[in-house]
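Single-letter residue listing:
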Amino acid sequence: MLFPTTVFALFFAVVFALHWGLVRFPLTRKLVLLAASLFFYGYWSWKFALMLLASALLNHGAAVLIDRSSDPRARRGMVTLTVTANLLVLGIFKYTGFLFTKLMVPLAVPLCAWLGTTDQLIALQERVLPFIEKIVLPVGISFYTFQALSYVVDVYWRKTPLARSGLDFANYLAFFPQLVAGPIVRASDLLPQMAVFPDRSVHLDTGRAATLILGGLFKKMVIANWLSEHLADPVFAMPESYGAPDIILGVYAYALQIYCDFSAYSDIAIGCALLFGFHFPVNFNAPYFAVTLQEFWRRWHISLSTWLRDYLYIPLGGSRTGTVRTRINLFVTFFLGGLWHGAGWTFVLWGAFHGAYLSLERAVRRLMGLPEKPSADTTFGKALLGRIWIFHVVCFSWILFRAPTLKVAGDMLRSLCKWGEPGKLLTGTAVLVLLVGFLLQFIDGRRPRPVWDAVGRWPVWVQGALAAVILTLILGIGPTGVAPFIYFQF
Amino acid sequence: MCREEDCPESQPIGVVVKRACFCVGIFFALMLLLNGEAMYTSATRLEYGKTRDFWVAVLRPVGRVSKASGFSYLRHVTETTFGEWLNRPSEK
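Top line first, the protein sequences correspond to chains A and B.
Heads up: the first sequence begins at 1 in the numbering used here, then just goes up one per residue.
Heads up: the second sequence begins at 1001 in the numbering used here, then just goes up one per residue.
Any given hint could turn out to be false.
Unchecked claim - Here are the computed lysine-lysine pairs in the DSS-like style, where the Cα-Cα straight-line distance is at most 30 Å:
1) A:Lys102 to A:Lys407
2) A:Lys134 to B:Lys1018
3) A:Lys30 to B:Lys1067
4) A:Lys159 to A:Lys407
5) A:Lys424 to A:Lys134
6) A:Lys159 to A:Lys134
7) A:Lys407 to A:Lys424
8) A:Lys47 to B:Lys1067
9) B:Lys1067 to B:Lys1050
To be clear, the hints were calculated from the coordinates, so they are not data collected in a lab.
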């Protein structure tokens, strides 16, 4: 079920009415919310919903055993087993095809040729490939697996108390606004809210919710869809047909498309959750205003980067284990972060590029005696240069991220050298949409707080009516049809 | 992590639940009036089958009210002016 659809509007209206209508029946209310979340997820496939439910039960069961055990070895064994099981399930669905077709077979071909067993390899491929092709990646599995892992590990570290019940944990894991594309909300943030559902005495920040939902819909339906359809998709589909100006335009377009698309999903999720009385952390904070790549990762998909920091980088030793080891840790974290995004060499290289650049950036800043975090007293000129440079570094890395194959990424880079060809895609509308997409970063984080507050002070009927009118304008301006969010595939 | 401003513990901002429900109710009612006709048209373009039959049956009265009341005009005007201008083919 996609956010900007009639089905979701109807679903949201019904679940919202039930959620606030059943305040006197806490258990029923929790059951209804879980059923609604499973329906939302099961709208893709009921098998996905069953898998999600099984994941909730198994992870909560494991957390209960870990919490009750006082033997450190048993606790360590159980957490290792649970983490391995989660990663194994994720791996089977996400990486089986990649491991077999892109890693094992290419490695086995020369070996089998040398041993004279090529026929057996072909026969094996013919037998295995139909099974692999049948594997369908459940939408959002990477997101809810990471949430489940954070819960189990936090219980093991005794950072988070055990959920009061399996129902609370299932609601935490399956809560529909953040289920398929984040933000990856930590158990410590959402579980206490799931334990005691908000009652009618709470105040709902309708001004913020409306601004986030409508802003998100505008980002997705008008800006991201336009950039995708008119600039990014054509360029990445046939890079050899375009010259350098169009390639650059296409890469800029993709950079802003992925920002508008993904941050839109987060905004809509945060806004929807607010209307249910739940609070999610901010997931984007003007990422293209970052002066360093490290700062970029503090502003882009914040819930994933902090997850990787807390559950991968720090357990690896973080920055406390010497210079060389710190750089290795950074590289490994981002390499695996790249692999998390997708099973393909382009994602692996994208993650490796970010890991390598971050390590290099750290080394260079240390060599030049610069502080790790860009200080506030950096001059405007320096900060602007840093922002422009980092924006282009990130844009360059998006080529790897967006290109379906390494060949396409190579074609993009080759076409970047074709300066003789005139730009076919550069129009006034393209510049306008790119500019609007870039400026939308000003509504990230808590910058629009004065607007939320002002909207929140208007009479509620005005807020509701104005939101309906703005939504109508967005739907009218946007192209026909709904493209899925980019991060659904991860 | 949940930042201070985003945490439920911070001082209450916004409106009480009853008023928020009224706000959402107004939003949905007006949204259906403004977009009912377009929603019905979209439903008729779905693939033939039970899903299409369901949505067409649900949205037909909404579409009629939307059209008869004149509320659908805003969506129509937006689509045929700014929407068509923005979504025209852009390659030179």
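Results of checking the hints against the structure:
Our distance criterion of 30 Å between C-alpha atoms is met by Lys102 (chain A) and Lys407 (chain A), whose separation comes to about 14 Å. Taking the CA atoms of Lys134 (chain A) and Lys1018 (chain B), the gap is near 48 Å; set against the 30 Å cutoff, the hint is violated. Taking the CA atoms of Lys30 (chain A) and Lys1067 (chain B), the gap is near 39 Å; set against the 30 Å cutoff, the hint is violated. Between Lys159 (chain A) and Lys407 (chain A), the direct Cα distance comes to roughly 46 Å. Violation of the 30 Å bound is thereby established for this hinted pair.
A threshold of 30 Å between alpha carbons decides the hint, and for Lys424 (chain A) with Lys134 (chain A) the separation of about 41 Å lies outside it, so the pair is violated. Between Lys159 (chain A) and Lys134 (chain A) the CA atoms are separated by roughly 40 Å; this puts the pair beyond 30 Å, and the hint is violated. For the given pair, Lys407 (chain A) sits about 23 Å from Lys424 (chain A) by alpha-carbon distance, which is consistent with the 30 Å threshold. Distance hint between Lys47 (chain A) and Lys1067 (chain B) is unfulfilled; the C-alpha atoms sit about 40 Å from each other, more than 30 Å.
Restraint check: the Cα-Cα separation between Lys1067 (chain B) and Lys1050 (chain B) comes to about 25 Å, which is no more than 30 Å; the hinted pair holds.
Hints 2, 3, 4, 5, 6 and 8 from the list above are not met by this structure, while the remaining hints are.
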